[in-house]
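S.K.: Let chain P serve as the given structure and place chain L on it in line with the hints.
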Amino acid sequence: LAKTTQPISMDSYEGQEVNITCSHNNIATNDYITWYQQFPSQGPRFIIQGYKTKVTNEVASLFIPADRKSSTLSLPRVSLSDTAVYYCLVGDIHQTNSGYALNFGKGTSLLVTP
Amino acid sequence: EAGVVQSPRYKIIEKKQPVAFWCNPISGHNTLYWYRQNLGQGPELLIRYENEEAVDDSQLPKDRFSAERLKGVDSTLKIQPAELGDSAVYLCASSLELGGTTDEQYFGPGTRLTVT
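In order, the protein sequence lines correspond to chains P and L. Each step along the first sequence adds one to the number in the working numbering, with nothing skipped, and position 41 is 41. Each step along the second sequence adds one to the number in the working numbering, with nothing skipped, and position 64 is 64.
The set of hints was computed from the structure by calculation and includes no laboratory data. Each hint can be trusted.
Cross-link-like lysine-lysine pairs, in silico, DSSO-like; alpha carbons within 27 Å at most:
1) L:K62 - P:K3
2) P:K52 - P:K69
3) P:K106 - L:K62
4) L:K78 - L:K11
5) L:K78 - L:K16
6) L:K78 - L:K15
7) L:K11 - P:K106
8) P:K106 - P:K52
9) P:K106 - L:K78
10) P:K106 - P:K69
11) P:K3 - P:K69
For each label pair, taking beta carbons as the anchor points, the in silico distance ranges come out as:
12) L:E97 - P:T72: 21 to 31 Å
13) P:K106 - L:G85: 12 to 22 Å
14) L:G85 - P:P65: 33 to 43 Å
15) L:S7 - P:P65: 42 to 52 Å
16) P:P65 - L:K78: 40 to 50 Å
17) L:L98 - P:T53: 25 to 35 Å
18) P:F39 - L:A20: 18 to 28 Å
19) P:K52 - L:E53: 25 to 35 Å
Yeah, the Cβ is synthetic: ideal placement off N, Cα and C, and Gly gets one too.
The shape of chain P in the complex, shown without the other chains (with noise of 0.2 Å):
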C-alpha cells in the first residue's frame, strides 16, 4: 500500500506559485493520486486529482512523472486565504479496505503572509 510523504509546512508570500510535492514510492498501478485542502474548524475540501503527467481545474494544477513515484500540486498565485492544510492521498479505485487509500497523515500547513 503506498504511503505518502509531505513537507510539514511550507511559507509563501501573496502572489507567489506554491508548489507541495508529495512522495508516493510504493504507488500501485491502480493508484490514483487526490489532493484535499482543510481550512481551520472546517472539513477537507476536494481540490484535483490525477492519475498520470498533468491535470488543471480551476483551483491548481497537479504534476505527475512518468514514474509516479511523486506529485506536485501547483496553487498559483496564492492569497492569504490559500492559508491551510493540504493533504495528499493516494488510492486504488478498486480497493474496500482502507489501508492508506483513505490515510490523510498530517499533510503540509501552508502559510501565506502579506
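M.R.: Showing chain L alone in chain P's frame:
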C-alpha cells in the same frame, strides 16, 4: 444543494458518559465515512459505509465505538463509555459512487468532542 450536515457541532461530556453524533449525507450519495481528527493530525478513517453496509470498519475501536446507517441514508456514531483520549473532531463525509476509495468526498463541519 445542501452539504453534509452534522450535529451537534460541539459536545462536552464527562468521561465514562455516552455520546452520539449524527450525520446526514448529501442526497443521493451512496458512500458515507466517519473520521476522527486529533489536534494537529489529519483525519483518520473510522468506518466506511456503502449504502447500509459497513465495508471497512478495521480502524473502529469496537469495544466502545459503534455506528449504524439505517436505510442507507443518515448515520449515527456512538461512543460508550467515552474516555479522555476520545477528545477530537469527528468528521462525516459522503461520496456519490460505490466501491473504490478515490471518489471525491464531501465533508461536513465536524463535531468537536471534549471529554473531561
